[in-house]
Amino acid sequence: MVTNATSLGRSGLFDWLVQRFSALVLLAWIAWVGIGIASAPEFGYPQWRALFAATPLQIFSLIAVLSLCAHAWVGMWTVTTDYLNEAHLGRAGTAIRLLIQAVCLLLTLACLLWGARIFWGSG
Amino acid sequence: MSQVLVSIYRYNPELDSKPRMQSLEVDVPGDRDLMVLDVLELAKAKDPSITYRRSCREGVCGSDGMNINGVNGLACITPLSKAAGPARKLVLRPLPGLPVVRDLVVDLSQFYEQFEKIKPWLINDEPPPAIERLQSPEERAKLDGLYECILCACCTTSCPSFWWNPDKFVGPAGLLQSYRFLADSRDAATTERLAELDDPFSVFRCRGIMNCVSVCPKGLNPTRAIGKIRNMLVEQGT
Ligand code: SF4
Ligand code: SF4
Ligand code: FES
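Residue numbers (numbering that gives the first Met the number 0), protein chains in the order written: chain E, 0 to 122; chain C, 0 to 237.
So that you can see chain E by itself, here it is in the shape it has in the complex:
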């Protein structure tokens, strides 16, 4: 049995469920915001502010950002273990994979914190 230190849950089932669940959350978020935009008779900056001032959407948006990050991480982890390995890149494969995974992790974390600041910050 293969475990893998850099996969999200170290279980294939966990990663698989995270991928499906986060996709559904993102779909619901897009629908929520899309309906919010489409149902306003006229849409501009004030309506946009009002839409996101509602606490439920603020909370849900943060969940959506979390889902996006988890989804992206599982996806990028899968792609890196498929293509950035010794079969494709020779002996440097593992080092390159770890490097790219670290970059992905940093970007994902940055995205998460940035999202939190946008939706919960005082701005």
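Since the hints were derived computationally from the structure, they do not count as laboratory data. Every residue gets a Cβ at the ideal spot worked out from N, C-alpha and C, and that includes glycine. Relax, there's no trap hidden among the hints.
Which chain C residues stay away from chain E? Per the calculated CB distances, all over 12 Å, these: (1) Glu24; (2) Arg53; (3) Ser62; (4) Val70; (5) Arg101; (6) Leu107; (7) Ala140; (8) Thr189; (9) Lys217; (10) Lys227.
Anything over 12 Å on all C-beta distances counts as not near chain C; from chain E, calculated: (11) Ile29; (12) Ile36; (13) Gly43; (14) Pro45; (15) Trp47; (16) Gln57; (17) Ile62; (18) Leu65; (19) Cys68; (20) Arg90; (21) Trp113; (22) Arg116; (23) Gly120.
If the Cβ cut is set under 8 Å, some of the chain E residues that face chain C in the computed set are: (24) Gly11; (25) Asp81; (26) Tyr82.
Starting from the known structure of chain E, fit chain C with the ligands onto it as the hints suggest.
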């Protein structure tokens, strides 16, 4: 008589620095269809150094899996007319993704290692009854579409996930057999079998693109079996 142009992958790792394609004109009877294996035999009559495996010549042993005009299949039951089409050109290569031993013969060790991993035998420690372990006709019917696999490797070597992770992803043939034992009412190791499969690679590298289904010469459906294993993992793990 009519002519077929056959292009064959030639490689002897001990002598050649790289593989090459050899072209041969082969005369085939004009009044009936041949199988690809027959054409290969005719080509071998012209050049006896061409190397391939075959045994039963009727789609039972699984020895002559190869890549025929870009599609994996058994040469002995693939009609020339279907493979070569109106262009009358045959291109034969070894099964993709595995080391070549010589010409159309590949080293199947990794394929068999994955098969071994899923413990392809019945596990049941209860004392056997006097005659045999019985199954109802319904329980037996669950094994249909699973037990017929001849391990020809056509499916597994057409699967990109196996190409990229042949040491970690069990592959369609192994997983079809894994489900054959998970679905067997006489097998008592379901929990242990599932625990062995719940890592990020063994089952979950399947992306469901169904290359395996489209090439299986026995008409089996590994993707469906993989889906059933996944459902069992979800049931047990949530
Ligand atoms: S599932 Fe089909 S293609 Fe795959 S090894 Fe078995 S018989 Fe061959
Ligand atoms: S369905 Fe799964 S096992 Fe079959 S070829 Fe695609 S990835 Fe491989
Ligand atoms: S020779 Fe046995 S399957 Fe083709």
